[in-house]
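Visitor: Place chain L on chain E using the hints.
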Amino acid sequence: MSVLLEVINLRKEFGGVVAVNDNNFVVEQGSRIGIIGPNGAGKTTTFNMICGAFKPTAGKILFQGKEIQGQRPHTISRLGIGRTFQNVRAFGSLSVYEHVLTGILAHDLKLIPTKEQRERVETILEMTNLVKFRNTTVKDLTIALQRKIELATALGTNPKLLLLDENMAGLTYVEINETLELLRKVNKEMGMTLIVVEHIMKVIMELCEKIIVLNYGKKIAEGNPHEVANNKEVIEAYLGEESQYA
Amino acid sequence: MGDIKLTADTLKPVPVWRRFLVPGIILILLILVPVFASEYVVYVAVLAIIYAMLAGSYDLTTGYAGPLTFCHGAFYGLGAYASALLTIKASFPFWIAFPISGILVFIFAFIIGYPALKLKGHYFAVTTFFFGYFVYLVLLNSAKLTGGPMGLRGIQAPESFFGINFATLQGSYYLTLFFAVLFLGFLYFLVNSGFGRMLVAIRENEDLAEATGINTALFKVLAFSLGAAIAGMTGSLFAHFFRLLHPTTFAWMTSEMIVIMALVGGLGTLIGPIIGAFIVTFILEIMRFAPEYRYIIWSLALIIILIIEPAGLMGIVRRLQRRKR
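Chains as they are written, first to last, in the working numbering: chain E, 6 to 251; chain L, 236 to 560.
Some hints could be false.
Subject to a maximum C-alpha distance of 27 Å in a straight line, what follows is the list of computed DSSO-like cross-link-like pairs (lysine-lysine) [as the list claims (entries may be wrong)]:
| # | chain 1 | residue 1 | chain 2 | residue 2 |
| --- | --- | --- | --- | --- |
| 1 | E | K60 | L | K353 |
| 2 | E | K60 | L | K559 |
| 3 | L | K355 | E | K144 |
| 4 | E | K71 | E | K207 |
Here are a few chain E residues that face chain L, going by a calculated C-beta distance under 8 Å [to be verified]:
| # | residue |
| --- | --- |
| 5 | C56 |
| 6 | F90 |
| 7 | Q91 |
| 8 | G97 |
| 9 | L99 |
| 10 | I117 |
| 11 | T158 |
Bear in mind the hints are in silico, worked out from the structure with no lab data behind them. Heads up, the beta-carbon is just placed ideally off N, CA and C, and yes, glycines get one too.
Chain E with its partners taken away, still in its complex shape (with noise of 0.2 Å):
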């Protein structure tokens, strides 16, 4: 498989705070990888500096051979790398249809929206199962359902790179399953590389191969899940150490 992706020494500091901590780690085209570590590990750090919303302070990004550190979010969305964010974010006052359509218009502009656009826009609502919202304005709709519109809004910029982070929070059981279904369809079907940063663990185990953890800006683990969850840095950083005690 070929490397689709690629962090070199890649560290952002705040300050005197390090966020990120010249980590390295390389993603494969078409594989699905997890980022997971306690609250102010530098997930979305690390999420940010990909898209271009922070520049790093030291360090490489290689897309498909590419640097791309330091361009702007748009340049890159257009290379083809699509996000999520953590904080739900919508353009509130359209209805779903324009939603997803502005995704698709986003990255090929057409003054008048051409009808291969329009279908498009019809076969992302029902791959998402959000045709019978299509004509609801989006504010209107809960966080689950607009993280989902979010989620359909990135996949029609067709991006050969998905960042996804915590798009699950808050969602139900049933939900969560329903969206997962979504993500190994997209990963499968289109070839879409998923990178996921999530707390749900149901999440990270069952869809991820490959499995990246982050504790206090630095790499320390990475594997598949059965490796990870059975290292004992993982378990001391998600648990707190052993006491010397005991």
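Guide: Below, chain L without anything else, positioned relative to chain E:
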């Protein structure tokens, strides 16, 4: 989610003929105005149409793309003075000075807007406020070029075209109305096009718009400059209609009136600010007996409107439509 009933059939798209029914009737009435109305009414109608173009173009920048600006009157003034000076000092015909004034104001707004739009929210609004004041001071103090506080005289009416004399009030009226239909029609197309959708996305959530692949900086400055260019050409029309320019015409009060018109009608609806312009012009006219008080009364009215319905007149219309369903 039992109470969400907004399915495809409750929000049926309005048929095209019905969407153009009301504007069509209004347009026919406007065409007939000089036939049955007095000279005074026609004169006020010209001003109202000019304000409608200003409020409509203002809506492109602030209503659709989002950033609150307080310098639309300055672009209006720059266009007016540019066109007047081009015809007086460089003896250009109006028909060339008119588009050039639009292009000049577009370039000017682009140069101002590109760095200024990096500021967000109130910071940008304050910058535009001072820019508007700056333009006023320049117009006032460059006495050699603009006549300063003495005003700029000697502006000619647009040259006759197809035998229509634009020096007459009727001629001016139809000239203004023609370009109003042209510009507002163009704006209507623009805000409903893919370009308009990008602007609305930026207004709704700039971070998401950027992450979705929209070059937010470029689209914002384009919306700003296009709105300014239309205001500039409106200024040119005004200059050759009124044939006397004074800096106070383009001072803070004008920018504020445009903001008020757009707010009264409803930002981000295009038709709202146009209606708002007519309403405000009308009310200002009937309150001519008390010129000092009308702004105070008007400000109070604005505050009350914004408390009752922040989305303006179009907000009330929409609310009524929803109740009808």
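Visitor: Would the pair K60 (chain E) and K353 (chain L) pass a check requiring their Cα atoms to be no farther apart than 27 Å?
Guide: Cα-Cα ~17 Å, so holds.
Visitor: Between the alpha carbons of K355 (chain L) and K144 (chain E), is the straight-line distance 27 Å or under?
Guide: holds (23 Å)
Visitor: Can you verify the interface hint for C56 (chain E): is its Cβ closer than 8 Å to any Cβ in chain L?
Guide: C56 (chain E) check passes; min Cβ-Cβ to chain L is 6 Å, inside 8 Å.
Visitor: What's the verdict on K71 (chain E) and K207 (chain E), does the C-alpha distance respect the 27 Å limit or exceed it?
Guide: Violated - the C-alpha atoms of K207 (chain E) and K71 (chain E) are around 34 Å apart, more than 27 Å.
Visitor: What's the verdict on K60 (chain E) and K559 (chain L), does the C-alpha distance respect the 27 Å limit or exceed it?
Guide: violated (52 Å)
Visitor: If you take the shortest Cβ to Cβ gap from G97 (chain E) to chain L, is it below 8 Å?
Guide: holds (6 Å)
Visitor: Classify the hint on I117 (chain E) as holds or violated, based on whether any CB of chain L lies nearer than 8 Å to its CB.
Guide: holds (6 Å)
Visitor: Double-check L99 (chain E) for me: the hint is only fine if its C-beta lies closer than 8 Å to a C-beta in chain L.
Guide: holds (7 Å)
Visitor: So, T158 (chain E) near chain L? Judge it on the closest CB pair being under 8 Å.
Guide: Hint holds; T158 (chain E) Cβ to chain L Cβ min 6 Å, cut 8 Å.
Visitor: Does the interface hint hold: is F90 (chain E) within less than 8 Å of chain L, judged Cβ to Cβ?
Guide: Given a least distance of 7 Å, the restraint on F90 (chain E) holds.
Visitor: Interface hint check: Q91 (chain E), Cβ to nearest Cβ on chain L, cutoff 8 Å. Holds or violated?
Guide: violated (11 Å)
In summary, the structure is inconsistent with hints 2, 4, 7 from the numbered list given earlier, while agreeing with the others.
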